[in-house]
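**Student:** Residue-level listing of the chains:
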Amino acid sequence: MTEWLRRLRALAAWRRRRRELDEELALHRELLGDSRKFGNELQLRERSMDMWGWRWLESFGQDLRHGLRLLARTPVATGLALLSLTLGIGANTALFGVMDAIMLRKLPVAHPEELALVMMQSPAARRASPTFPNPLWEQVRDQQRAFTAAFAWSPTQFDLHTSGPEQRINGVFASGEYFSALGVHAERGRLFQPSDDQPGCPAVADISDGFWRSQFAASPAVLGANLTLSGHSFTIVGVTPPEFFGLDVGTRSEAAIPLCAEAIINPRSMLKVRDAWWLRVGGRLKPGETPSAAQAQLAAQFPAWLAASVPTDWAGKDRQNFLGRRVSLQSLELGVSRMAGAYGLPLEVLLGVAGLVLLVACANLAGLMLARTVSRQGEIATRLALGASRARLIRQLLTESLLLSAGGAALGVGLAMWASRALERFWSTTASTVQLNLSLDRTVLGFTVGLTVATAILVGVVPALRATRLSLAAGARTVTGGGGGAARRFAAAQVAISLLLLAGAGLFLRSFLNLTSVDLGLDPGHIQLLNLAPPASRPTSAQVRAQRAAILAALRGLPGVEAAAESFIVPLSGLQWDNTVHSSTATIPDAYLNAVSPGFFAAMRTPLLQGRDFTDRDGPDAPPVAILNVTAARILFPAGNALGQTVQQPSDFMKVPTVVVGIVADAKYDRSLRAAAPPEAYYDIAQLSNEFPTAAFEIRSALPSGAIAQEARAAMARVAPDGSFSLGQLSDTVATDTKPERLLAVLSALFGGLALLLTAIGLYGVMAYSAARRRREYGVRVALGALPAGVLRIALGEFAAVLGWGAALGLAATWLAGRVLRQELGSLLFGLAPNDFATIAAAALLLISLGLAAVWLPARRAARADPMLALREE
Amino acid sequence: MRPDEIPPGSLVLLILRVLELGAPLHGFEIAGAIQQLSEDVLRVEEGSLYPALQRMLLKGWIAGEWGATAGNRRARYYHLTAAGKKQLARERGHFDRVMGAVARVLEAR
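Chains as they are written, first to last, in my numbering: chain A, 8 to 881; chain B, 39 to 147.
Just chain A, with the same shape it has in the complex (with noise of 0.2 Å):
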C-alpha cells in the first residue's frame, strides 16, 4: 500500500529521481578514481531505475511518441483512419448510450429493485393493463399489506399559458406517497404527502430541479410562490432532486400536483369516475419478499377491491369481466418506459448493424496497416537484428494501432453526444419532449473504452504479427513479397459484411416504402388539427356546445378552408376510447369508438359506403344514430343489413340504443399502421350526454399549414379569446407513428452506405497495394509482349476472387441472418420477408459494380505503366 504510494510519488518526481540518481553515480565515480573502470553508467542507471518498476510506462511513452510521429508523417490515410473510426465508434457509443438511458438504468430512487408495477387483466382482454380508476386505487392505497407503501401516480400535461396558443410541460399527478415510497428527498422545501392528498386539498406543487432553474433562476424564493398549471394556480412546496425525471422514462416530468388535485384541474373530475382508467400503481415490496408472494398477497385481496369499486351501472358481461379482472406484478426497477417497447428492437438492429460497420473500418484499416508494415520491413528488420524482441516490437505496432483508435474514440465520443441528441430531437414531437437520462455513465464509458481496446487489436494484431514474423527472414532481401494474402482476406471481409448490411438495408428502406403507402382509409396530408384544452372555469353543458359550435362554424368560414370537423379523438393521435357495442345478436368487446360532428368524414376522405353522415338535424333531440366501419358493421351484422338497425353500449356518454344510418371505409384508428383497421362505431358528437373535457378540430385546407394555423389562432382569439389550444399536423402524427421504421431505414441506410464506402476505399488501397507490389513482374510481361489488356486481366484476376469470395460469404451471411433473426426480423420488417431476393441481388450488385470500379482504375493504371520505369527501379 505505502509501497505504492512511493512508487506514484517517485513516479511523480521522475525526472528529479533520475538526476539525483545520476549525481550519486557521479559523486561514486569520481571518488573511485580512475584505479577502477566504472561499469555502463547508463545501463546502471536504467536498472537502478527499474526498481521502480515504470520500466513498462517508459516504454510506452515511447512508443506513443514513435507511433504519433509516424501518423503524423502520413496525414492523410491518418485523417482517413481517423474518420472512419470516429463514425464507427461515435455511431456505436450514440446508439449504446441511448439504449442505455431507455432500456437498461435503473430509476434513480432508492433501491429501485424493489419496486413493482401492478398489472391487471380483463377475461375480455388479449393484454394486462397498467391503468386503474381512482375508486380502485383507494380500495388498494387502504386495503394492501403486499407492500410496505403503495402509490398511484398518472402522466399528464400542464399547459403554462391560461389562454391561447399553449406552453405545455409533462407533468404527473401522484399519490400522497408517491415521493415517501419511492426513496425520493426533497431538494428544496418539503414533497407532498398522503396528508396533502385529502380530497379538496390545497393547490400545491412540487417541481423539478431542472424547471426549478429554468423557469425561477434557481431562487430560492421558489418556495411558496405561484405556479399557474392548465389555468389554476398552484403553491410550489418543494423540488426535487435533479436526477429524478418521474418513473416515465423518456420524459421529465417538471411538475408534481397531488391526485386530489386533479379535481382542481379537470372541471369532470375523474377521482370519483369507477370506469375512468388513468392511474399506475406501483408498491415497494417488503425487504425480502418475493414478487411472487406479494402478488399472490394481491391477488387474494383483490376481488373484494374490485367487488367495491365495479361501476354501479354496469351489468351483465361487463360487470362479470370487471370483476373477473386478475392482478399480476411487474418490475418497475427500470421505470415505464413506452420506447423501450417500440425501439428496443430497433435499437438492437441498429446497434448490431453499427457493430458491422466498426468491423469493416476495423478490416479497412487493418489492410491498411498491412500495408504499412510490410513497406516499414526494414525499419523493423534492423531493430530485430539490433536486439529488440518481438514482443516489444508487436507492442509497438500495437501502440499505433491504439493511438489510432484513441483518438477515434475522443472523436467519437462528441460525435456521440452530438448523435443521441439528435435522436432525442428525432423523437420529440410538438405535442411531448422526449429527454433521457444521457450522461456518459459508468456502463457507457465501459462500454466504449471496451470497444476503443477491441477495436485497437482487430486493426492492429494481424500486421504486427505478419510484419515481425516476415522480417527476420525478408528484411535483407528485396521486398517483394508479403501480406498480400492477408490483405486480400480483409478487403474480402468487408465486401461480405458490406452485402449484409446493404441487404439490411435495402430490406429496411423497402419496409419504410411499404408502411408509408399504407392505405389508411382516410388522408393525413393537408389537415391542421386545432386541440382544444380542458377550460379552467366550469361552464354549464350549454357553454361547452355553444362554444364548440363558434368555433367549428369560425373555422368553417376562414379562407382556404374546404372541410373542418370537430371530433372528441383524433385518428392516429394515440388516443382512443374503447368499449363493448353489441347487436341483438353479436358482441365486440374492444370496439374502437369515436364522437365526430357531421362532415367529419368527408374532411378526413374516409369514404361513406352506404347510408348516409351525420347532419345537422342529429340534434340533441333528434333520435341518436350511430355509423359503423365495415369492420364492425359485418361482426355485428354478419347478413350485411346493418342500416336501420340498433347497437347499444354501456358508455357513459352514450348510454341509450343508437340506429346505424351508415357505414364508412375501414380506417386506422390506434397507432399500428400495420394492423388491420379494427372495429370502429362513430356517434354524433351533438348526441353525447355528456360532452368531453378536450375537444379537436380537423381543418382541411391547400394552405401551407404556416399560413392555416395562423388564421385558425386568429379565428380562435375572435370566438375563443379565453380557450386555451394547441396546433398540429395529422401527417406528423402519422409520421410519428412510423418513426421506428424511419429510424432503421435512414440509419441502416446510411450505415450501409459507409460500409461500401469504406470498402471501395479499402479495395482501391489494397489494389493499388498489389499493383505497386508487382509493378516489376507487369513490366516483365509488357517487355516480354503482353499486351496492356492482358496485364490488366491478370491484375483483375486476383481481384476477381476477393470479390466473387467477399459476396459469397456476403450471401451466405445474410441467408444465415435471415434465418436466425427469422422472428425479430419479421417484426420490423412490413410487406417483405426477410430474404427477399430482388433486395438481396440488388444489394449484390451493388456492391460488385462499385468493387469493380475501385480496383479498375489502380489495374488499369499498372498495366499501362511504362516497364522500362518498373525494370529501371531495380
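Among the clues, some could well be false.
Claimed, not checked - So these bits of chain A aren't anywhere near chain B, every CB distance computed over 10 Å:
no.: 1; residue: G60
no.: 2; residue: E65
no.: 3; residue: G86
no.: 4; residue: M126
no.: 5; residue: P137
no.: 6; residue: T155
no.: 7; residue: Q222
no.: 8; residue: T450
no.: 9; residue: R749
As the list claims (entries may be wrong) - Simulated coverage check for chain B against chain A, where a stretch passes if three residues somewhere in it have a Cβ under 8 Å from a Cβ of chain A:
no.: 10; stretch: 59-66
no.: 11; stretch: 71-83
It is worth saying that the hints were derived from the structure and are not from the lab. The beta-carbon is built from N, C-alpha and C at its ideal position, and this holds for glycine as well.
Model the placement of chain B on the given structure of chain A, informed by the hints.
**Tutor:** Chain B alone, transformed into the frame defined by chain A:
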C-alpha cells in the same frame, strides 16, 4: 588479495547492517564500509549497490537525505528507518539460521 563477490542475497543485509552501525552514509561510503569491515574480503560492485539502494528506498527500509561530503560535494546520505530495523532483524535471523545449517552440514562426519 582480490576481493570476493558478495554471496547472493546478502547485499541488502550488509547495507542494513553498516547503516545500523552509526552515522548516515552515502553510496560510496557504504561500499567502503562493507569492504573495510570485511577486511577487504567483500567488494560491493556499484552495479549491484545502486539498484539495491533504489529497491530499499522503494521498500521503505532506508531513507536518503542530501548533505555535503568532506570534500564539500553534494551526496545522498542513507539511514535506517524503523521498517529497516525490523527488516534487518528479520534478515539477520534468516542468515543465522541458514549459516548455522550450512556449518552443521559442513562439520558433519
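**Student:** None of the hints should be skipped; say for each whether it holds.
**Tutor:** Hints versus structure:
{"no.": "1", "hint": "G60", "verdict": "8 Å, violated"}
{"no.": "2", "hint": "E65", "verdict": "15 Å, holds"}
{"no.": "3", "hint": "G86", "verdict": "44 Å, holds"}
{"no.": "4", "hint": "M126", "verdict": "62 Å, holds"}
{"no.": "5", "hint": "P137", "verdict": "62 Å, holds"}
{"no.": "6", "hint": "T155", "verdict": "53 Å, holds"}
{"no.": "7", "hint": "Q222", "verdict": "59 Å, holds"}
{"no.": "8", "hint": "T450", "verdict": "37 Å, holds"}
{"no.": "9", "hint": "R749", "verdict": "62 Å, holds"}
{"no.": "10", "hint": "59-66", "verdict": "holds (count 3)"}
{"no.": "11", "hint": "71-83", "verdict": "violated (count 1)"}
Of the numbered hints listed earlier, those contradicted by the structure are 1 and 11.
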